[in-house]
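Visitor: Next come the chains, spelled out residue by residue.
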Amino acid sequence: MAFSHDLIAAFAVGFMGSLHCIGMCGGISSALTTAIVPGQSRTFKQQFGYQLLFSVGRISAYSTAGAAIGLAGATLYDQIPSHGPSYLRMLAGIMMILLGLYISGWWKILNQLERIGVRVWKHIAPITRTFIPVDRPHKAVALGFLWGWLPCGLVYSALTWSLGSGGAERGALLMLYFGLGTLPAMLSVGTFSQILTDFARNAGTRMFAALMLMGFGVWTIVSQMSH
Amino acid sequence: MTDAATCYHCGLPIAQGDHYSVTILQQPRAMCCPGCQSVAQTIVDIGMESYYQHRQQCDPGNSPATELVPGFLEGLNSWDDQALQQSFVHELPQGSKEITLLISGITCAACVWLIEKQVNHLAGVVRCNVNMGSHLAVVQWNPEQTTLSAIIKAIARIGYKAEPYTPLQQEQNIKQENKQALMRIGVAGLGAMQVMTYAVSLYMGAFEGIEPAHEQFLRWVSALVTTPVFFYSGMPFLSGALRSLRNAHLSMDVPVAVALCFAYFSSVWATLSQGPEVYFDSVCMFVFFLLVGRYLEMRARHRSQSTSIRLSHSQMQTARLLDQEQHTRLIPADQLKPGDIVLVKAGEVIPGDGRILAGDSAVNEAMLTGEQLPLSKTRDDGVTGGTLNVEQPLTIEISTHPKDSTLSTLRRLLERAEAEKPPTFVLADTIASRFVFAVLLTSVCVYTYWWFNAPQDAFWIMLSVLVVTCPCALSLATPTAITAATARLSQMGFLATRAHTIEGMRRVTDVVFDKTGTLTMGEFVLAQTIPLANLNAEQVCAMASALESVSEHPIARAFHGLPAAAGIAHQRIVANQGLEGKQGNHTMRIGKPQFAVPDQIPPPCPGQSGQWILLSRDGEALAWFRIEDQLRPDAERLLQRLQNNGLRCHILSGDSSGHAEAVARQLQVSSVVSNAAPQAKLDFIRRLQQSGACVLMLGDGLNDAPVLAGADVSIAVAGSTDLAKLAADGILLGNSLWPLTDVLQLVNKTYRIIRQNLGWAILYNLTALPLAAAGYIPPWASALGMSASSLLVVVNALRLNSNTRQQGGPH
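Just so you know, the protein sequences line up as chains A and B, in that order. For what it's worth, my numbering labels the leading residue of the first sequence as 1, then goes sequentially. For what it's worth, my numbering labels the leading residue of the second sequence as 1, then goes sequentially.
FYI, nobody ran anything at the bench for these hints, they're computed from the structure. Just so you know, these numbers come straight off a predicted model, no measurement behind them. A hint or two may mislead.
With the Cβ distance kept under 10 Å, some of the chain A side facing chain B (calculated, not the full set) [to be verified]:
id : residue
1  : A9
2  : G105
3  : L110
4  : E114
5  : L150
6  : L154
7  : T205
8  : G215
9  : S223
Derived DEER-like restraints, expressed as beta-carbon distance ranges [what the hints assert, rightly or not]:
id : chain 1 : residue 1 : chain 2 : residue 2 : range
10 : A       : R136      : B       : Q392      : 41 to 51 Å
11 : A       : R136      : B       : H214      : 46 to 56 Å
12 : B       : V200      : A       : P184      : 15 to 25 Å
All residues carry an ideal CB built from backbone N, CA and C; glycine is no exception.
Working from the sequences, and respecting the hints, build out all of it.
Guide: Right under this line is the structure:
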């Protein structure tokens with residue numbers, strides 16, 4: 001299967017999965033980037049600009065992680081003689097199914113994974129304080145970059161995918177597309193926050209996204225098995 | 001949503017057995033996952049706990065709109081209840097009733113046509129006009145022949161929901177509509193994204209060679225994803241088309257729905273029967289792009305509707321009612337009764353029309369007049385509901401029922417104007433409706449042609465033709481521009497009360513001004529008194545004052561407030577001449593010299609400037625009075641500008657004093673007719689019209705109603721008169737004439753924009769049709785093109801609204 005196809009799929013996973021982010025990160029990212037200094041508010045354009053920069057930072061964190069994991073995966077693949085990528089891809093498929101279960105709320109096994117992430121996050125969290133208040137563009141990027149390491153099942157399942165991507169640059173690219181997929185939801189938060197949050201919290205919407213992700217996972221596994 | 005088991009941070013349900021918690025705002029809060037826990041902890045740690053406080057103000061799921069949704073569905077028959085009708089229904093002098101209904105479900109001009117046809121056919125309905133821009137219907141009916149519930153039921157029968165319009169109701173409907181539209185877009189967008197991914201795989205598979213089992217799997221998944229998109233997101237198009245077919249009228253939805261159904265069902269069939277081609281991606285793209293287009297168009301429409309009048313109406317919701325013990329109590333503003341006493345604090349909106357009992361303050365009447373500077377008001381001054389009290393608290397006695405207040409009257413006039421359709425609308429609708437038929441016919445021809453020449457392409461080319469040529473832009477071109485212009489005009493302090501006002505003003509060649517009260521302030525003052533007989537000035541003034549006390553004519557008002565002589569009775573107004581009364585056996589007259597002393601040559605006028613009237617007893621002259629009226633400060637500037645713009649100006653005046661000529665000289669107007677009775681004024685306008693002129697007449701709207709009615713377009717200068725009595729096509733709400741130039745300028749701009757819109761719509765359809773028929777436009781591009789062309793028309797119309805003083809972002 002062509003790599004470009006994977007990129008589109010990564011974008012789609014980011015897009016669907018980001019429904020989950022709206023509740024968790026959406027409000028925060030706008031709160032972090034809005035008027036931190038009391039009595040001083042930003043225009044809509046400025047606000048949007050800061051949000052964008054925040055997301056740029058966030059996505060670069062994902063890409064960095066993707067590059068590292070992709071490199072690790074490629075090294076691992078070198079040591080496993082045959083069918084290497086296939087197993088890694090199947091792992092990604094399984095992760096996607098788990099993500100579906102997680103988003104739908106049926107089985108929150110990914111919470112365990114997030115717990116591991118929490119340990120990493122505990123070291124990063126204090127640094128975020130340096131960049132608050134966000135009164136300069138570079139602070140928004142930096143804060144976004146740190147925020148990208150937040151324990152998040154969605155990001156982890158996307159990362160297992162870059163594990164099987166076959167190289168640092170491919171892993172980074174996959175995570176970049178995944179991050180771009182999360183952009184529409186994250187950026188629109190400031191504009192239509194209320195309606196969008198209601199939409200994202202709607203059980204039907206979450207079921208739909210979950211089923212889609214699980215379908216993706218099943219399909220990834222099936223296509224690997226038939227190789 | 002169960003309240004106990006949702007995450008405090010993200011609001012999602014918490015799974016059984018999970019225990020994550022963070023102390024926020026001094027209380028432990030349950031979290032759903034380690035992620036939320038860490039985020040929340042970080043937020044607390046970095047000192048941004050106030051985020052949660054701030055957030056609570058609009059806690060999701062508890063938005064005020066959902067609480068306030070009224071139980072409108074409790075039996076339609078309750079609408080016939082008199083008490084209930086009181087707040088919505090306006091009783092007209094002829095005995096019929098009028099109501100403004102807010103209608104949900106209107107998607108295009110065909111809906112408007114359908115509702116009007118249906119309602120106008122009901123026995124007892126006098127008139128029904130539906131506005132496509134605002135979705136408001138103004139219905140007039142005869143209460144002896146039909147009922148309000150029968151009308152609402154008739155509208156429900158053809159598939160629309162109607163309810164009495166209140167600004168609050170409309171706001172809720174807008175919110176509801178918004179939410180549902182976004183929901184549909186969300187589903188369509190997700191679906192489109194997914195199906196595109198699969199489609200790309202399928203296309204690449206076709207090149208790289210894909211296993212049939214894989215292909216079939218992808219098709220099934222696509223079908224699964226497309227089904228909710230088709231049935232849920234595509235529902236507005238499907239139901240719209242069904243409705244229009246059932247009522248045997250072609251609407252814009254028909255070609256779109258036909259294309260959608262063809263694409264969806266043929267693809268399902270191909271999936272089941274392993275046919276050659278599926279079009280699930282086209283279905284999703286159609287629905288997604290068309291919905292986005294329609295959504296943006298809806299947002300634009302809502303924006304253009306939010307005129308200042310409606311806005312201030314919705315702000316004016318509560319009043320502080322003062323009781324005998326000076327205690328205040330908050331009540332809804334629409335429950336105020338005449339005689340109620342209310343307290344209005346500084347910075348609050350005045351809840352109703354009334355009179356100031358106590359307090360000195362400044363009031364901003366911008367919503368009414370467009371004038372931004374506050375006016376100072378003190379005891380006994382009148383105030384208008386909806387205006388803003390700026391400086392000090394005021395105690396106000398309410399004088400009118402909220403339903404008949406200035407603001408309600410303005411709103412009703414505005415709605416009447418919006419509901420009427422000028423001939424150009426009707427023409428565009430007819431053309432659009434025929435065009436739909438042509439589109440259907442063309443697509444059949446195109447399909448047939450391609451079937452014989454390239455059968456594999458025939459189907460999608462037909463889909464493209466059906467979608468790309470839908471004449472939405474054509475039917476939107478005029479109404480959107482007129483709605484936007486009406487809203488903008490009302491912000492400038494000009495209310496167009498008739499649909500043809502804007503259209504008529506464009507053609508104006510001659511502007512006729514009534515002098516008194518229009519070019520001049522209409523506030524006469526007594527400037528000089530010359531007694532002629534052996535009476536002193538006070539005595540003659542008292543006599544004049546007693547005579548004039550019964551008249552409301554501007555000249556008479558100069559004497560109001562002066563001490564009046566006793567013993568004068570039986571006063572009678574002689575139109576355009578003066579007044580007559582009895583003092584004992586003597587006949588007293590005051591007015592024009594010929595009227596005061598009819599049997600002899602009147603004594604020569606003591607001076608040239610100003611207006612002189614004569615007082616007489618039994619035909620013997622007693623005294624001269626000089627009355628002065630001041631020009632409006634901007635009259636000179638206005639006439640200069642109008643004449644520079646090539647408009648011919650005329651001045652009509654009922655008095656013969658030479659004041660009219662003096663005013664004309666000062667304003668450099670050569671055409672002036674003085675001493676004209678109403679009939680003569682009307683004849684003057686007729687003569688102008690016969691010579692090919694299109695006449696715009698400005699008057700005070702009360703004394704010259706028949707003359708105003710004779711002009712092509714009439715504008716009343718409201719000042720402080722009772723708006724409901726004004727018989728004019730437009731009303732200048734402020735005290736200044738100057739907005740007229742801006743109004744005329746905007747009218748010209750409006751028609752420039754309408755021409756651009758129509759030109760664009762026609763050009764688009766003429767270009768797109770042959771291109772699509774030739775197979776150059778793929779289905780997704782056709783949906784994009786059609787949405788973009790409608791959107792362009794709406795956005796272009798919104799330019800009329802561009803320099804509004806609206807505040808706030810696009811929330």
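Visitor: With a cut-off of 10 Å, does the beta carbon of L150 (chain A) approach a beta carbon of chain B closely enough for the hint to hold?
Guide: Holds. Min distance 6 Å.
Visitor: Holds or violated: is the Cβ of L110 (chain A) closer than 10 Å to a Cβ in chain B?
Guide: holds (8 Å)
Visitor: Under the criterion of a CB-CB separation shorter than 10 Å, is A9 (chain A) in contact with chain B as hinted?
Guide: holds (6 Å)
Visitor: May I ask you to test the hint 46 to 56 Å on the CB atoms belonging to R136 (chain A) and H214 (chain B)?
Guide: Given about 51 Å between the Cβ atoms, the range holds.
Visitor: Using 10 Å as the Cβ threshold, decide whether E114 (chain A) counts as touching chain B.
Guide: It holds, given that the least Cβ distance between E114 (chain A) and chain B is near 4 Å, below 10 Å.
Visitor: Does the interface hint hold: is S223 (chain A) within less than 10 Å of chain B, judged Cβ to Cβ?
Guide: Hint on S223 (chain A): holds, closest Cβ of chain B at ~7 Å, below 10 Å.
Visitor: Is 15 to 25 Å a correct range for the gap between the Cβ atoms of V200 (chain B) and P184 (chain A)?
Guide: Holds, since V200 (chain B) and P184 (chain A) (Cβ atoms, about 19 Å apart) stay within the stated range.
Visitor: Against chain B, is G215 (chain A) within 10 Å by beta-carbon distance?
Guide: Holds, about 6 Å.
Visitor: Interface hint check: G105 (chain A), Cβ to nearest Cβ on chain B, cutoff 10 Å. Holds or violated?
Guide: Interface hint status for G105 (chain A): holds (6 Å vs cutoff 10 Å).
Visitor: Checking hints one by one. Is L154 (chain A) an interface residue toward chain B, by the C-beta closer than 10 Å rule?
Guide: Nearest chain B Cβ about 9 Å off; hint holds.
Visitor: A closest beta-carbon separation below 10 Å is what the hint needs, so does T205 (chain A) meet it against chain B?
Guide: With a minimum Cβ separation of about 7 Å from chain B (threshold 10 Å), the hint on T205 (chain A) holds.
Visitor: Is the gap between the beta carbons of R136 (chain A) and Q392 (chain B) within 41 to 51 Å?
Guide: holds (44 Å)
Going down the numbered hints, you'll see the structure goes against none, and every one checks out.
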